[in-house]
Amino acid sequence: DTEVTQTPKHLVMGMTNKKSLKCEQHMGHRAMYWYKQKAKKPPELMFVYSYEKLSINESVPSRFSPECPNSSLLNLHLHALQPEDSALYLCASSQDPLTNSNEQFFGPGTRLTVL
Amino acid sequence: AQSVTQLGSHVSVSEGALVLLRCNYSSSVPPYLFWYVQYPNQGLQLLLKYTTGATLVKGINGFEAEFKKSETSFHLTKPSAHMSDAAEYFCAVSIGASKIIFGSGTRLSIRP
Chain A
14 DTEVTQTPKH
24 LVMGMTNKKS
34 LKCEQHMGHR
44 AMYWYKQKAK
54 KPPELMFVYS
64 YEKLSINESV
74 PSRFSPECPN
84 SSLLNLHLHA
94 LQPEDSALYL
104 CASSQDPLTN
114 SNEQFFGPGT
124 RLTVL
Chain B
259 AQSVTQLGSH
269 VSVSEGALVL
279 LRCNYSSSVP
289 PYLFWYVQYP
299 NQGLQLLLKY
309 TTGATLVKGI
319 NGFEAEFKKS
329 ETSFHLTKPS
339 AHMSDAAEYF
349 CAVSIGASKI
359 IFGSGTRLSI
369 RP
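Heads up: the protein sequence lines correspond to chains A and B, in order. Be aware that the first sequence starts at 14, since it is given in this note's numbering, and climbs by one per residue. Be aware that the second sequence starts at 259, since it is given in this note's numbering, and climbs by one per residue.
A couple of the hints might just be wrong.
Said to hold, decoys possible - Calculated pairs, DSS-like style, for lysine-lysine (alpha carbon to alpha carbon, straight line, at most 30 Å):
#1 B:326 with A:53
#2 A:22 with B:326
#3 B:357 with A:22
#4 B:357 with A:49
#5 B:357 with A:31
#6 B:326 with A:35
#7 B:357 with A:54
#8 B:307 with A:49
#9 B:316 with A:54
#10 A:32 with A:66
#11 A:35 with B:357
As the list claims (entries may be wrong) - From chain A, some residues computed to sit far from chain B (all C-beta separations above 12 Å):
#12 19
#13 30
#14 32
#15 97
As the list claims (entries may be wrong) - Computed footprint of chain B on chain A; a stretch qualifies when at least three of its residues, placed anywhere within it, have a C-beta under 8 Å from a C-beta of chain B:
#16 50-63
#17 86-94
#18 119-127
The set of hints was computed from the structure by calculation and includes no laboratory data. Think of the CB as a built atom: it goes at the ideal place given N, C-alpha and C, for glycine as much as any other residue.
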């Protein structure tokens, strides 16, 4: 299994809702990532988990809360989002958090719309 | 600080023509460089990567890239464009453990 899966594919939520994005990989990778991508822009790193521990938080607002329950799963909990948070949210994984040359494998993304 | 610059936000070529997408990097240490492709409404897929060794790197779908240290470049090429190559292409550089940064992207269009 060489893929990263993400659910749901699409999500529409109001500013008072609480929702979660899910990501899963079964490649034995020990680094997992959340990115945010706006239209016609490159992905922007949000969070990195290394060996199930949060290692990088790129100053992301607290309305985004990541969670890594185990080495295969990554969640992003959403609460009180703003319309400007509407974007494609990408999950990725890589084999070894300590190796700079590892490529990242991306999931198909969740298209989030905040009303 | 490491960075990548992609020259040309949009490149259009005819089907069967050479594809050349430009990427220049800035790095104080030997860089690890990547090219990713993103089709509409999809995630990113790795085309190829350069770590060490051979400077001409072959990737998937007939793409290749050459690492040129003297020019700080890592341009992506394909001899003959197909309609299915239309997509967004991102050059990226590793800036530390678990972290890569992307160029601004180049949208490739293919004319019939």
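Checked hints:
Restraint check for residue 326 of chain B and residue 53 of chain A: satisfied, since their Cα atoms lie roughly 28 Å apart, inside the 30 Å limit. With a C-alpha separation of about 39 Å, the suggested pair residue 22 of chain A and residue 326 of chain B falls outside the 30 Å cut-off, and the hint is violated. Annotation: proposed proximity of residue 357 of chain B to residue 22 of chain A holds, straight-line Cα distance about 25 Å (limit 30 Å). For the hint linking residue 357 of chain B to residue 49 of chain A, the alpha-carbon distance of about 14 Å falls within 30 Å, and the restraint holds.
At most 30 Å may separate the alpha-carbon atoms for a hinted pair to count; residue 357 of chain B and residue 31 of chain A meet this at roughly 29 Å. Taken as a hint, the residue 326 of chain B and residue 35 of chain A pair is broken in the structure, with Cα atoms around 40 Å apart against an allowance of 30 Å. Between residue 357 of chain B and residue 54 of chain A the CA atoms are separated by roughly 18 Å; this keeps the pair inside 30 Å, and the hint holds. This hinted pair checks out: residue 307 of chain B and residue 49 of chain A have alpha carbons roughly 23 Å apart, not beyond 30 Å.
A threshold of 30 Å between alpha carbons decides the hint, and for residue 316 of chain B with residue 54 of chain A the separation of about 26 Å falls inside it, so the pair holds. With a C-alpha separation of about 22 Å, the suggested pairing of residue 32 of chain A with residue 66 of chain A holds against the 30 Å cut-off. Straight-line distance between C-alpha atoms of residue 35 of chain A and residue 357 of chain B comes to about 21 Å, which keeps the hinted pair within the 30 Å bound. A beta-carbon of chain B is positioned within 12 Å of the beta-carbon of residue 19 of chain A; the least distance is around 8 Å.
For residue 30 of chain A, the condition that its CB be more than 12 Å from all CB atoms of chain B holds, with the nearest at approximately 23 Å. Non-interface status of residue 32 of chain A relative to chain B is upheld: no Cβ of that chain comes within 12 Å, the nearest being about 20 Å off. Interface exclusion of residue 97 of chain A from chain B stands, the closest Cβ pair being 20 Å apart, more than 12 Å. Given as covered by chain B, the stretch 50-63 of chain A passes the check, having 7 residues with a CB less than 8 Å from a CB of that chain where 3 are the minimum.
With a cut-off of 8 Å between beta carbons, the stretch 86-94 of chain A has 0 residues touching chain B; three or more are needed, and the interface restraint is violated. Beta-carbon proximity to chain B at under 8 Å applies to 5 residues in the stretch 119-127 of chain A; the threshold of 3 is reached and the given coverage holds.
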